[in-house]
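Using the sequences and the hints, build the whole thing.
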Amino acid sequence: MSDRTLVNELTPGRRRPTLRWRLALSTGLLLTVVALTSTTITLALSGADSATSVFALAIALVLAAVGVTSCYLVAARALRPLHRVTAAARRLGSGGPETRLAHQGPDDEVKELADTFDEMLNRLSAALNSQRRFVANASHELRTPLAVMRTEIDVTLSDSQASLTDYQRMGSVVRNASVRANDLIESLLLLARTEAQTGRGLVKKVPVDLALGVPSTLSAVDNEVKRLGLRVNTALDSAPVIGDPSLLERLAGNLIENAVRYNIANGSLDISTGTADGWAYLTVSNTGGPLDPNEVPGLFEPFRRGGMERTGTRGAGLGLSIVRAVVDAHAGQVAAAARPDGGLTVTVRLVPQA
1 MSDRTLVNEL
11 TPGRRRPTLR
21 WRLALSTGLL
31 LTVVALTSTT
41 ITLALSGADS
51 ATSVFALAIA
61 LVLAAVGVTS
71 CYLVAARALR
81 PLHRVTAAAR
91 RLGSGGPETR
101 LAHQGPDDEV
111 KELADTFDEM
121 LNRLSAALNS
131 QRRFVANASH
141 ELRTPLAVMR
151 TEIDVTLSDS
161 QASLTDYQRM
171 GSVVRNASVR
181 ANDLIESLLL
191 LARTEAQTGR
201 GLVKKVPVDL
211 ALGVPSTLSA
221 VDNEVKRLGL
231 RVNTALDSAP
241 VIGDPSLLER
251 LAGNLIENAV
261 RYNIANGSLD
271 ISTGTADGWA
281 YLTVSNTGGP
291 LDPNEVPGLF
301 EPFRRGGMER
311 TGTRGAGLGL
321 SIVRAVVDAH
331 AGQVAAAARP
341 DGGLTVTVRL
351 VPQA
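In our numbering, the protein residues as written are 1 to 354.
Please keep in mind that the hints were generated in silico from the structure rather than gathered at the bench. We put the CB at the ideal spot given by N, CA and C, even for glycine. Warning: the hint list may mix true and false statements.
Per label pair, the in silico range of CB-to-CB distance [stated by the list, open to error]:
1) Asp328 x Ser158: 47 to 57 Å
2) Leu164 x Gly274: 53 to 63 Å
3) Val155 x Met120: 47 to 57 Å
4) Thr234 x Ile264: 11 to 21 Å
5) Val135 x Val206: 29 to 39 Å
6) Ala235 x Asp166: 48 to 58 Å
7) Asp341 x Ala126: 25 to 35 Å
8) Leu189 x Asp277: 33 to 43 Å
Printed below as a string of C-alpha cells:
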C-alpha cells in the first residue's frame, strides 16, 4: 500500500476500511508471534543448559498459544459483521425482494457490501413490479378486443330476426377488434425484440438519416392531421446516424403518431432534426391537454397514455415504450418535457455518424 493510499484511507470523511485493518492486524500479530516463537526455539536449541532450554521452550509454547488465540479472536471480531450480513441475506429467501439488509454498523467494507446488496434489491424489486404491471396491463388490453368480439357475436347470434345487415355489422366490429388485438400483439413483439437488442447489440447497423423518416410518417397521418386542423411545422436538417433503419423509422413514426393522436383541434405539431452538441437529434412537439411534469417520466412505461394507465381509448399505450427501447438499443438518449400551455415535447439524441 502506498503512502498516498494510506493517507486517503485515514482522511476524515472517507470510508474507513475497518475490516481490512482488523484482518491485517490479525495477520501481523500472527506473523510476529511466529517470529518470536521461532527465535525462542532457536535459542533453546543453541546449546544452552537444559533448564534454560526448557524455560525457552515453555515461553515459545505460551507465545504460540497466546498468538493463535489472539489472532482467532481478532479475526472472529472482524468477520462478525459479515456473518450478520450473510444471515440477513439468507432470510431474504423467505421475505422476497421487498426485504432489505438495512445493515447498521461502522462505515467499512461490510456496510458497503450490504448497501450495494440493498441497491441491487431495489432495482430487482422495481423490475419485478414493472413486470407485474406489464403483464396485468397486457392482459387487460388483450381482453378488451376479445370481449368486444364475443359480445358482438353473442348478441347477433341470439337474435333470431337478425338480418344480413346485422351480420355485416357484426363482421365489421369483429374485424376492427381483431385488427386492434393484432396491432397490440405486433407492438408487444416489437418491444420485446427491441429490448433484447439493447443487451445483444443491434442486428443491423447501416447509415441512416433521421430526417428521411419524417415525410413518410406525416403522409401516413395526413388524414388525421386534416381532420384536427393541425398546423405542421418542420425544420428537417440532416441528422446522420448508424443504426437499424426499420427501428429508427418506427421511432419517428411512434413519436409523430403520438403527437397527432394526443393533440387538440386546431393545434400544432412541430418536428425538427439536425445535429448539435455532439448528437444527432429528432424533436417532436405537440399541443394538447395539460400534463403533470411529475408524470412525464412514466409516459415511457408500457400502457401509459398521457397521465392515464390502461384507461385510454386511443392506441395501446406502447408508443413511447418502443421509442425508449429503440433509443436504448442505439445507445442514445430520450427526454420528454411537458409544455407550459399543454402538450409534450420529446427529444431523441443518437450518436451521429462519424
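Against the structure, the hints come out as follows:
no., hint, result
1, Asp328 x Ser158: 47 to 57 Å, "holds, 49 Å"
2, Leu164 x Gly274: 53 to 63 Å, "holds, 56 Å"
3, Val155 x Met120: 47 to 57 Å, "holds, 53 Å"
4, Thr234 x Ile264: 11 to 21 Å, "holds, 19 Å"
5, Val135 x Val206: 29 to 39 Å, "holds, 35 Å"
6, Ala235 x Asp166: 48 to 58 Å, "holds, 51 Å"
7, Asp341 x Ala126: 25 to 35 Å, "holds, 33 Å"
8, Leu189 x Asp277: 33 to 43 Å, "holds, 35 Å"
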